[in-house]
Amino acid sequence: MGLETALGHSFLTTRLDAAVNWGRKYSFFQYPFVTACCGMEYMSTFASVYDISRFGAEYPRFSPRQADVLFVVGTVNEKLAPVLKRVYDQMCEPKWVVSFGVCATSGGFYDNYATVQGIDKIIPVDIYIPGCPPRPEAVLDALIKLQQKVAKESVLDRKYR
Amino acid sequence: MSSYLLDTLKARFTDAVLATHAFRGDETAVIRKEALAEAAAFLKKELGFDFLMDLTAADYLPREPRFELVCHFYSSAHNYRLRLKCPVPADDAAVDSLTPLWAGANWFEREVYDMFGIKFNGHPDLRRILMYDGFEGHPLRKDYPLKKRQPRLPHKD
Amino acid sequence: MNGTRKHETPKHPDLEKLEDGRLVLNMGPSHPAMHGIVRLLLTVEGERVVGSDIEIGYLHRGFEKTCENITYNQCIPYTDRLNYVSPFINNVGYALAVEKLMGIETTARCKYIRVIMSELSRLTDHLTCIGANAMELAAFTVYFYLINAREELYRLTDSVAGGRVTPAYTRVGGLTRDLPPDFKRNAAEVFRKVRRNISDADKLLTRNRIFYDRLRGTGTISREDAVSLSFTGPALRSTGVPLDVRKATPYLVYDRFDFDVPVGSNGDNYDRYLVRMEEMQQSMRIAEQALAQLPDGPINHPDFNVSLPPKEEVYGNIEALMAHFKLTFEGVKPPKGEVYQAVEGGNGEVGFYIVSDGTGRPLRLRVRPPCFALTGGLSKMIQGGYLADIIATFGQVNMIGGELER
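Residue numbers (numbering that gives the first Met the number 0), protein chains in the order written: chain A, 0 to 160; chain B, 0 to 156; chain C, 0 to 405.
Treat each hint with caution, since some may be false.
As the list claims (entries may be wrong) - A few chain B residues facing chain C, derived, Cβ under 7 Å: (1) 25; (2) 51; (3) 60; (4) 102.
Unchecked claim - The calculated lysine to any residue pairs, modelled on SDA-like cross-linking and capped at a C-alpha distance of 25 Å, are: (5) A:148 - A:28; (6) B:141 - C:329; (7) A:151 - A:57; (8) A:120 - B:64; (9) B:141 - C:332; (10) A:120 - A:137; (11) C:335 - B:17; (12) A:94 - A:152; (13) B:146 - C:284; (14) C:335 - C:354; (15) A:84 - B:147; (16) B:141 - C:336; (17) A:84 - C:192; (18) C:192 - C:203; (19) C:246 - B:4; (20) B:43 - B:62; (21) C:246 - C:281; (22) C:246 - B:25; (23) A:84 - B:132; (24) B:44 - C:248; (25) B:147 - C:362; (26) C:332 - B:60; (27) A:120 - B:17; (28) C:335 - B:86; (29) C:246 - B:46; (30) B:44 - B:91; (31) A:148 - A:17; (32) B:146 - A:148; (33) C:325 - C:294; (34) B:118 - B:142; (35) C:332 - B:27; (36) B:118 - C:248; (37) A:120 - B:132.
Hints in this document: simulated from the structure, not taken from any laboratory. Small disclaimer: the values here were computed from a predicted structure and weren't measured. Think of the CB as a built atom: it goes at the ideal place given N, C-alpha and C, for glycine as much as any other residue.
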């Protein structure tokens, strides 16, 4: 990759990591893949009472090419699963996935012929938010956890998923 | 229970009307499936039922005839509701489509086809609406298990 | 008959040049409108839509089949998630259908509370519809004002039912719990704030040149087409048909209130917007009258075969204990038969058709979704219009995925 790989894990790369991660975590561009009822709580989190832009995740980018966090909001069913995979593949690295609500996490209480029991059967997930639907405070908590997770990453061991 | 509406129907379609009832005030007539289109046209043109509120089906599996097509009609001028039911046997699951009379029947019938497998003669575009292409079977039938999943298909281009 | 063209699978889904210079465009399942997922395959000539094919089913969650395997009371959380912007209306409609099947009437206080909560739900439905639609037409401020108003309502419903978006408030024969003691005062305060936010949004949108041009004359549908396509609700009333289930066949206690039903004349998006704005004012009017007339008394049906007996009885009385056990394990048992109960939802007539075979589980539970008919007629509404008009039309049709595809 450059100078960083030559130096390995050293003082210079940890400072570089801190700077890069600080930039990344406070400027998430979300792609809200909204399907169902959790979308209502997503709208509430995005609005001014439970402001999500306080945490830097200001504006949803409605194109996967321009986004780095994929919020999968609501139930994903078998018909939608290939579409979700395609959207995930279209995003560029670095990218993270947040599974919003129990339907995206594990299928929720819809266990039947039509639903996928959790999006981690299709794409890798970083943060799971339980709740049906989760309160906006839970979403903000998850965003902070994601920021803490991003802060621990390193430019050296970026896994190309 | 006698009512003007059900009596008119019985008088007009004497051999097609199999039964009538008004359980909890909902007037219902059970007619032969061959007479459905004609009865619906009669309701629309002469009795003033301008709305086809709902078109659905039910599966009564061990019983023969297996399916029952259920249509709910509403007349806004007279503020009257009526339900028409047609028994549909499993081996001849085809009924005349109501799309020439009501454009809204298009999607209702597609859903009945998708969920139950009942075909509609004369429907302009009978294909699946809720399940994906390539899904085999008809989910709302009683012999389709609730949790039976089918292999996930890749994204078709 | 509604302008669709049979699409043979195109070789490339996103762009295909047809012989005469027309294009097939895919407005794919995941698009920026907060509406859920519908796929539009549009045949466009320049910017004009000449044909369209609407593909749904991306949120089909098997509601009807699931409800055939669970008891009647266990279906209630599933009904919340049908039209998830107005969950109380679904709960109330379902409970009314099962009560009609059983032939029982709930207490007076229960009916009034159900009316109040239904009207609060209607408010959240219209606020979300107009807010999201305004946002898609780049009126961001209006979105924030109306979602703030919706937050106030959510806080109110949270205090009553314990849930903002998915309350599961009704039960067969009654309600889960009574109103909190300070509800009247809180509701009056909330309505004051909601009225102020709606009036701000009204000042920003209704006579706004850009908003007016985007909505007036777009998505037009004639009265005959609307009736033939089984439209109900604000979309039908905007064409001039004054059909409202609350006035036509009053259920609960709607016949005791004094309210108007707004009716449009042109059948375009602007009329639908105006109908919704006025309906919000009327909803608040109904809720205030209901709060003024609210009687005291029990909220659950006294028969122990229908509603759970109170805990003091369960621990003291053997019949109540047995009834509690049977109700929890086997559920209420309506007699054999079938009913259809219609209520006025935010989008139109929500009908519940239930067939019972005498056991504690429904044989068939069918929801007549109002936006199924509306989305079926969407092709006709966008035919001949511009691509940009699709956004306005789709927003004003208020397609809710959970209801469309159950």
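> Hint numbers the structure violates, sorted upward?
Replying inline: Violated hints (numbers, rising): 3, 8, 13, 17, 20, 27, 30, 32, 33 and 36; every other hint is consistent with the structure.
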